[in-house]
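Protein chains: 2
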Amino acid sequence: MIHDDQNTTTSLDLAKIREDIDSVDQQIQQLINRRAKLAEAVAKAKFASEENPLFYRPEREAQVLRNVMQRNEGPLSDVTMARLFREIMSACLALEAPQSIAFLGPVGTFTHSAVLKHFGQDAIVRPLPTIDEVFREVEAGSAHYGLVPVENSSEGVVNHTLDCFKASHLNVIGEVELRIHHQFLVSSNTRKDSIKQIYAHQQTLAQCRGWLDAHYPGVERVALSSNAEAARRIRNEWHSAAIASEVAASIYELEILHGNIEDNPENTTRFLVIGREKVPPSGNDKTSLLISAHDRAGALLEILAPFAKHNISLTSIETRPALPEKWAYVFFIDLEGHVDQENVKAAIEEIRPLVKEVRVLGSYPIAVL
Amino acid sequence: MIHDDQNTTTSLDLAKIREDIDSVDQQIQQLINRRAKLAEAVAKAKFASEENPLFYRPEREAQVLRNVMQRNEGPLSDVTMARLFREIMSACLALEAPQSIAFLGPVGTFTHSAVLKHFGQDAIVRPLPTIDEVFREVEAGSAHYGLVPVENSSEGVVNHTLDCFKASHLNVIGEVELRIHHQFLVSSNTRKDSIKQIYAHQQTLAQCRGWLDAHYPGVERVALSSNAEAARRIRNEWHSAAIASEVAASIYELEILHGNIEDNPENTTRFLVIGREKVPPSGNDKTSLLISAHDRAGALLEILAPFAKHNISLTSIETRPALPEKWAYVFFIDLEGHVDQENVKAAIEEIRPLVKEVRVLGSYPIAVL
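Quick mapping for you: the protein sequence lines, in order, are chains A and B. Residues 1 to 369 in UniProt numbering are what the first sequence lists, from first letter to last. Residues 1 to 369 in UniProt numbering are what the second sequence lists, from first letter to last.
Simulated from the structure, these hints should not be mistaken for lab results. Any given hint could turn out to be false.
Below 25 Å or equal to it, Euclidean Cα-Cα: the simulated DSS-like pairs (lysine-lysine) are [stated by the list, open to error]:
1) B:K278 x B:K356
2) A:K16 x B:K356
3) A:K278 x B:K16
4) B:K16 x A:K46
5) A:K166 x A:K278
6) B:K16 x A:K44
All chains, full assembly: derive it from the sequences and hints.
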């Protein structure tokens, strides 16, 4: 056991404290290597008992991280400590079996950041140009897992990702949430003291309204199809600014005149992790369903009733046309709970006769960090 | 003390191994928080004894990382273990006093990767549009440290960084080496089966010669001013490819047809960390000198003689004109050793009367990772 020596922490003897740090570092290192050895033992045990063992266990990882955060007494924050453990687990997992992650590239985007946040720096990353290709790589087994954007609080739901699920039998095995910041951008040509228009996606303008009212009152706000389009457009305009990401500033070579101007600093984007297997319950899970309905009008209310009856919270509902068939719709529903729970099972069974198809896209741990 | 239980690692009981992992995790967590408390004690001791204490100590960090690598017994690799310790130290340092790092932006570039590699994920990053601004921010005290590229094995020395040192009194306090990969890029228009030209910087073409001879024998290779220029140019050409970085692929929306095609996988770029203070010896250091000579012809040989005499290894020599003065030159010399070492001191004193000025830009730990 490790004893926390209060006398040490009040000592002013720097050399003595540094000796203590060195000794603590040696113990940390021994323990991390011991953890890695235990991870190798897990791999051996799995190979002995299964033909194609799984090494990445999302439910187990979520439990470890939750435990780390719950028992954390500081001084390091819960989030910092969980991040360090994510890296330690990532290093140990890479030793058992390096995991390759396909994602919507290119490198340097928010999706790449989400991959690093979820899988740590020891995963092998494979940036791909389209969401379809991410699905295909994982289906073909060329990548262990895939990561795709699904909800962007500034640009809404990424419909293309939802559409890919309609044609795929992959499972959702995890979710990642990433905090997103908005930047106030100008080009090198811009007359900074006479900005006449500010371009951005409508939701972004709304998310920065307080800041814009305070700093650019009376300046016209113009809603465009995307923030990237706003950034692209101001390159050749002299009296315009755009609101977009740091990545867009980079791509379009714009200057960040004001950073992080969003009114709500909790502004996030959500990503889904896709894989070929199913994830057992972690104790705090979400389930994504794809429901194919005969008809939109009235169908949704009927479908929602069993969830209410079984006391299941829904966290998101999206509607997509089920083309090519006319008058049919597909609903994507996220709910709290795991399909192995009795109430979730019961609700799904009650919905089944009301619709053309209910498909469980996956049950997976709610994002920990 | 922690005992490594060999029986555990051969046991096939997965649940038992997981219990062991949980117990190891608890100990690691306690120790990391104990380390953070000791770091806080260091901060307190420093505040008690100094008016403007330094929290980031490059020589101490280098020593810790070297110790970690030297005593490492695996199974995790030395580099992986050192990376984990960099993150642990970064988290502890952020608790003492968060460090802000100015760098040549934008985010998502190799320089940003170098900042993360050297300072860990808990540093506050400040991307700036030019190298001059990085110097100014650090001089003004608006950022604790700055990070700028200095040698790029594909594009040679970054002269602009060297020129900034001529007008600045900042010190070099560290170096970072980053492995760089080359990508074979095409645009969506490119006819992949009839590529007639391959564009890149001359050094890049040389670094990929073996791969190009094997995969594109007989295809014309065209040397351009930079790899970024090569990437830009192929956007609108149908029969051309470029060799450039993943970041360039991202900025110019190009497809990576073949990844990591460099013949030598050890291809690196070097960055310097700049700051306002000097760094004490770490035991394995480098020193950067700026020497202003009266005349180029003959001057260099005279200058180099004392280094040979005192058995000092030079790792790099660069020559820059000392404009606006005609017929005067500035040499940038990197050598192995610290200015506090007798032989380095002696060599510098012998050179001093031969030249207009010798300035020690800094002594700093040789890159550990």
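Checked hints:
1. B:K278 x B:K356: holds (23 Å)
2. A:K16 x B:K356: Distance of about 45 Å is beyond 25 Å: violated.
3. A:K278 x B:K16: holds (23 Å)
4. B:K16 x A:K46: Given that 25 Å is the threshold and the Cα spacing comes to 13 Å, the pair holds.
5. A:K166 x A:K278: holds (17 Å)
6. B:K16 x A:K44: holds (14 Å)
Figure legend: structure checked against the earlier numbered hints; the only hint not met is number 2.
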